[in-house]
Amino acid sequence: MTFLKVEGFGKSFTISHLNQTIRAVEQIDFSIDKGEFIGITGKSGSGKSTILKSIYRTYLPDEGKILYDSEEYGLIDLLQAEERKILYLRKYEIGYVSQFLNVMPRTTSRELVEQSVLEMGKPASVAKEEAEYVLSHFELDRKLWDTYPNTFSGGEKLRLNIAMAAVKKPRLLLLDEPTASLDEQSKVKVRELIEKLKKNGTTLAGVFHDIEFMDGLCDKVFDMKRRQYTSEGAVI
Amino acid sequence: MHNDAILSVKNLEKQFGPGCSTCHNESTRKLEKNYCPQCGTVYACRNISFNLFPGEILGIVGESGSGKSTLMQCLYFDEAATSGELILNNQEFQEENVLELSSQQKRYIRNYHFGMVYQNPLKGLKMDFSAMGNIAEKLIAAGGRNVAEMESIGKTLLEKVHIPLFRMKEEPKRFSGGMQQRVQIAKALSNNPPILFLDEVTTGLDLSVQASVLDLIKTIQRELGISMIVVSHDLAVIRMLADRTLVMLNGEIIEEGLTDQILEDPQNPYTQQLVYSLL
Numbered sequence: 001m002t003f004l005k006v007e008g009f010g011k012s013f014t015i016s017h018l019n020q021t022i023r024a025v026e027q028i029d030f031s032i033d034k035g036e037f038i039g040i041t042g043k044s045g046s047g048k049s050t051i052l053k054s055i056y057r058t059y060l061p062d063e064g065k066i067l068y069d070s071e072e073y074g075l076i077d078l079l080q081a082e083e084r085k086i087l088y089l090r091k092y093e094i095g096y097v098s099q100f101l102n103v104m105p106r107t108t109s110r111e112l113v114e115q116s117v118l119e120m121g122k123p124a125s126v127a128k129e130e131a132e133y134v135l136s137h138f139e140l141d142r143k144l145w146d147t148y149p150n151t152f153s154g155g156e157k158l159r160l161n162i163a164m165a166a167v168k169k170p171r172l173l174l175l176d177e178p179t180a181s182l183d184e185q186s187k188v189k190v191r192e193l194i195e196k197l198k199k200n201g202t203t204l205a206g207v208f209h210d211i212e213f214m215d216g217l218c219d220k221v222f223d224m225k226r227r228q229y230t231s232e233g234a235v236i
Numbered sequence: 001m002h003n004d005a006i007l008s009v010k011n012l013e014k015q016f017g018p019g020c021s022t023c024h025n026e027s028t029r030k031l032e033k034n035y036c037p038q039c040g041t042v043y044a045c046r047n048i049s050f051n052l053f054p055g056e057i058l059g060i061v062g063e064s065g066s067g068k069s070t071l072m073q074c075l076y077f078d079e080a081a082t083s084g085e086l087i088l089n090n091q092e093f094q095e096e097n098v099l100e101l102s103s104q105q106k107r108y109i110r111n112y113h114f115g116m117v118y119q120n121p122l123k124g125l126k127m128d129f130s131a132m133g134n135i136a137e138k139l140i141a142a143g144g145r146n147v148a149e150m151e152s153i154g155k156t157l158l159e160k161v162h163i164p165l166f167r168m169k170e171e172p173k174r175f176s177g178g179m180q181q182r183v184q185i186a187k188a189l190s191n192n193p194p195i196l197f198l199d200e201v202t203t204g205l206d207l208s209v210q211a212s213v214l215d216l217i218k219t220i221q222r223e224l225g226i227s228m229i230v231v232s233h234d235l236a237v238i239r240m241l242a243d244r245t246l247v248m249l250n251g252e253i254i255e256e257g258l259t260d261q262i263l264e265d266p267q268n269p270y271t272q273q274l275v276y277s278l279l
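In order, the protein sequence lines correspond to chains X and R.
For the first sequence, position 98 matches number 98 in full-length UniProt numbering, and the numbering has no gaps at all.
For the second sequence, position 84 matches number 84 in full-length UniProt numbering, and the numbering has no gaps at all.
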């Protein structure tokens, strides 16, 4: 049963003032089954992140289809879906994680994670409990729970980001270069986090330029250059 | 889960001036920005249509003079729209164009269904009434008669917006700009409106106060589920608050979309210029 299917997808960017159009990606086809973890790999500028951002609709894609099997709406083309439906999916079904943290000022890690829960309409007591659970599960240092994330390291910001996304128990989680600029030790940690997410049944699509990192972690690896999966069914 | 729009605007137009033979007709109109050089008529809002959905924050961005504040004033009945429709999805006014109602009925809608926070607190507050008196004024307009009850609502709201209760009997003219803005928000919330209009509410506030006002607005959305239209020229404010955003230029909506999409993948040349100007 297909969970996410990308068909004939393409995206270009036009900068009107410079009268320039840049073709970021074209003719991308792949699909993900429920519970799978696929990695997308390719050199810098090959359009890996463009695909993820288009699935999340931060980018407005212009060609093809991205079919997603939603719990609320059934099979839905994310490229055509109304904005309101995308907002619903972001709130309840699809998460997006990068290393960049863009959050309300003067809000502590704990509050940020709690707000993720509250926005789903759950009561404050549940939010408190789930926030604490997820913060310790994803190993954010307890000292950092009640501080503002402004001064966090890259790895700490990432862990907070993952906690904010994971606490919603999304059905699909998009990981946009989570390991970029992390040292080896932090990468090992991220790897463990991803394994935990997978165990919880989350379907994952991630962009990495670090092939070693994906080895043995991803079920499939999609190579941007060849526009196909390279190592199908390597693990699990 | 997905109710229909709580507020719909259809083809709203607002012009200042009578118009002339050339600019009356949209096809022969030759405007400089939104201004007819022949007769001096300003077309402040042109063919504005959009929906506001329950519980969402809709952002409106645009440079000064783009028509965003005029639009808010038309929606709040401060200005009479030249033409167009405003439909509220509630049982009392089902399918009715509320722009065509009597001024008495409009006042009723304002008192019971809308809240407004202006950029300038002078417009939203009576500076010589106490903070509490300002809230009571709105509550009385919305049918409040029980003094003890109104006082308790007022106290709760002032606490919510972090105005110390020992100052609740003071007039807002003795408050700082940020405090006045927060009293204005408390007043706008007092009738528990399903729809709240916020016009450049953080403009001119220092960063620290701005952060607390933004936080307050988000909290209100989360806890009370109020739908809001937030007008700002500040993209950072829109990014923090709005789920969806409309971009206005010369009285027209030139682009609309998810806020992060507008900021990261703007389509319209003007929006691109705006976004790429961000520091």
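Just so you know, the hints here were simulated from the structure itself, not pulled from any lab data.
A virtual CB, placed ideally from N, CA and C, is assigned to each residue, including glycine.
Heads up, some of the hints might be wrong.
What the hints assert, rightly or not - In the DMTMM-like style, the derived pairs of lysine to aspartate or glutamate whose C-alpha atoms are separated by at most 20 Å in a straight line are:
#  : chain 1 : residue 1 : chain 2 : residue 2
1  : R       : Lys10     : X       : Glu119
2  : X       : Lys91     : R       : Glu79
3  : R       : Lys10     : X       : Glu212
4  : X       : Lys85     : R       : Glu170
5  : R       : Lys10     : R       : Glu79
6  : R       : Lys218    : X       : Glu119
7  : X       : Lys85     : R       : Asp4
8  : R       : Lys160    : X       : Asp219
9  : X       : Lys128    : R       : Asp4
10 : R       : Lys160    : X       : Glu119
11 : R       : Lys123    : R       : Glu85
12 : X       : Lys187    : X       : Glu156
13 : X       : Lys91     : R       : Asp260
14 : X       : Lys65     : X       : Glu111
15 : X       : Lys122    : R       : Asp260
16 : X       : Lys196    : X       : Glu119
17 : X       : Lys85     : R       : Glu255
18 : X       : Lys198    : X       : Glu26
19 : R       : Lys218    : X       : Glu111
20 : X       : Lys128    : R       : Glu255
21 : X       : Lys196    : X       : Glu156
22 : X       : Lys91     : R       : Glu170
Claimed, not checked - Residues of chain R clear of chain X, computed beta-carbon distances all greater than 12 Å:
#  : residue
23 : Thr82
24 : Gly133
25 : Arg167
26 : Asp215
27 : Asn268
Here is what the structure says about each hint:
no., hint, in the structure
1, R:Lys10 - X:Glu119, "violated (30 Å)"
2, X:Lys91 - R:Glu79, "violated (37 Å)"
3, R:Lys10 - X:Glu212, "violated (55 Å)"
4, X:Lys85 - R:Glu170, "violated (46 Å)"
5, R:Lys10 - R:Glu79, "holds (16 Å)"
6, R:Lys218 - X:Glu119, "holds (10 Å)"
7, X:Lys85 - R:Asp4, "holds (12 Å)"
8, R:Lys160 - X:Asp219, "violated (50 Å)"
9, X:Lys128 - R:Asp4, "violated (32 Å)"
10, R:Lys160 - X:Glu119, "holds (19 Å)"
11, R:Lys123 - R:Glu85, "violated (25 Å)"
12, X:Lys187 - X:Glu156, "holds (12 Å)"
13, X:Lys91 - R:Asp260, "holds (14 Å)"
14, X:Lys65 - X:Glu111, "violated (37 Å)"
15, X:Lys122 - R:Asp260, "violated (25 Å)"
16, X:Lys196 - X:Glu119, "violated (24 Å)"
17, X:Lys85 - R:Glu255, "holds (19 Å)"
18, X:Lys198 - X:Glu26, "violated (29 Å)"
19, R:Lys218 - X:Glu111, "holds (13 Å)"
20, X:Lys128 - R:Glu255, "violated (39 Å)"
21, X:Lys196 - X:Glu156, "holds (17 Å)"
22, X:Lys91 - R:Glu170, "violated (42 Å)"
23, Thr82, "holds (29 Å)"
24, Gly133, "holds (31 Å)"
25, Arg167, "holds (23 Å)"
26, Asp215, "violated (6 Å)"
27, Asn268, "violated (8 Å)"
In the structure shown, a violation is registered for the earlier hints numbered 1, 2, 3, 4, 8, 9, 11, 14, 15, 16, 18, 20, 22, 26, 27, in ascending order.
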